[in-house]
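Chemist: What the sequence shown shows, in our numbering, is residues 1415 to 1494, in sequence order.
By construction, these hints were calculated from the structure, which means they are not laboratory data. Nothing here was measured: the structure is a model prediction, and the numbers come from that model. Where is the CB? At the ideal position from N, CA and C, for every residue including glycine. Do not rely on the hints blindly, as some may be mistaken.
Stated by the list, open to error - Between beta-carbon pairs, the in silico distance windows are:
id : residue 1 : residue 2 : range
1  : L1472     : D1443     : 49 to 57 Å
2  : I1469     : H1436     : 35 to 43 Å
3  : L1435     : Y1470     : 38 to 46 Å
4  : D1442     : I1467     : 23 to 31 Å
5  : K1475     : I1419     : 29 to 37 Å
6  : Q1473     : D1447     : 29 to 37 Å
7  : R1454     : G1476     : 42 to 50 Å
8  : Q1422     : N1462     : 44 to 52 Å
9  : L1472     : L1423     : 53 to 61 Å
10 : D1443     : A1477     : 37 to 45 Å
11 : E1426     : A1464     : 40 to 48 Å
12 : Q1473     : V1450     : 29 to 37 Å
13 : K1448     : L1423     : 34 to 42 Å
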Amino acid sequence: NLSLIHSQLGDEEKAAAHRRLHEKYRPDDNARDKAVAAARRSNPAADNAAQAITIYKLQRKGAPGLDTTVEEESPAAGGR
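Sequences are here, hints too, so could you generate the full structure?
Modeler: Right under this line is the structure:
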């Protein structure tokens, strides 16, 4: 951060100016977090894709390259 560098160099005027600029232009973390949460709630597929580890069911009805007669597994039969 430039305010720290200017402060260490002894230029307190520039350090204060850069602190003011940092406060003015710093990202609003709360707004970002609210926007991400709203987007994830509105699109479950995108929310799933954004997870750190994503597991896609490949043998699902409508999957590309599969016969259209593929049936969904029930959760009791070991499906997800």
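Chemist: Each of the hints needs a verdict: does it hold here or not?
Modeler: To see whether the hints hold, each was checked on the structure:
{"no.": "1", "hint": "L1472 - D1443: 49 to 57 Å", "verdict": "violated, 37 Å"}
{"no.": "2", "hint": "I1469 - H1436: 35 to 43 Å", "verdict": "holds, 41 Å"}
{"no.": "3", "hint": "L1435 - Y1470: 38 to 46 Å", "verdict": "holds, 44 Å"}
{"no.": "4", "hint": "D1442 - I1467: 23 to 31 Å", "verdict": "holds, 29 Å"}
{"no.": "5", "hint": "K1475 - I1419: 29 to 37 Å", "verdict": "violated, 59 Å"}
{"no.": "6", "hint": "Q1473 - D1447: 29 to 37 Å", "verdict": "holds, 36 Å"}
{"no.": "7", "hint": "R1454 - G1476: 42 to 50 Å", "verdict": "violated, 23 Å"}
{"no.": "8", "hint": "Q1422 - N1462: 44 to 52 Å", "verdict": "holds, 46 Å"}
{"no.": "9", "hint": "L1472 - L1423: 53 to 61 Å", "verdict": "holds, 59 Å"}
{"no.": "10", "hint": "D1443 - A1477: 37 to 45 Å", "verdict": "holds, 39 Å"}
{"no.": "11", "hint": "E1426 - A1464: 40 to 48 Å", "verdict": "holds, 43 Å"}
{"no.": "12", "hint": "Q1473 - V1450: 29 to 37 Å", "verdict": "holds, 31 Å"}
{"no.": "13", "hint": "K1448 - L1423: 34 to 42 Å", "verdict": "holds, 39 Å"}
Taken one by one, the earlier hints fail for this structure at numbers 1, 5, 7, listed in ascending order.
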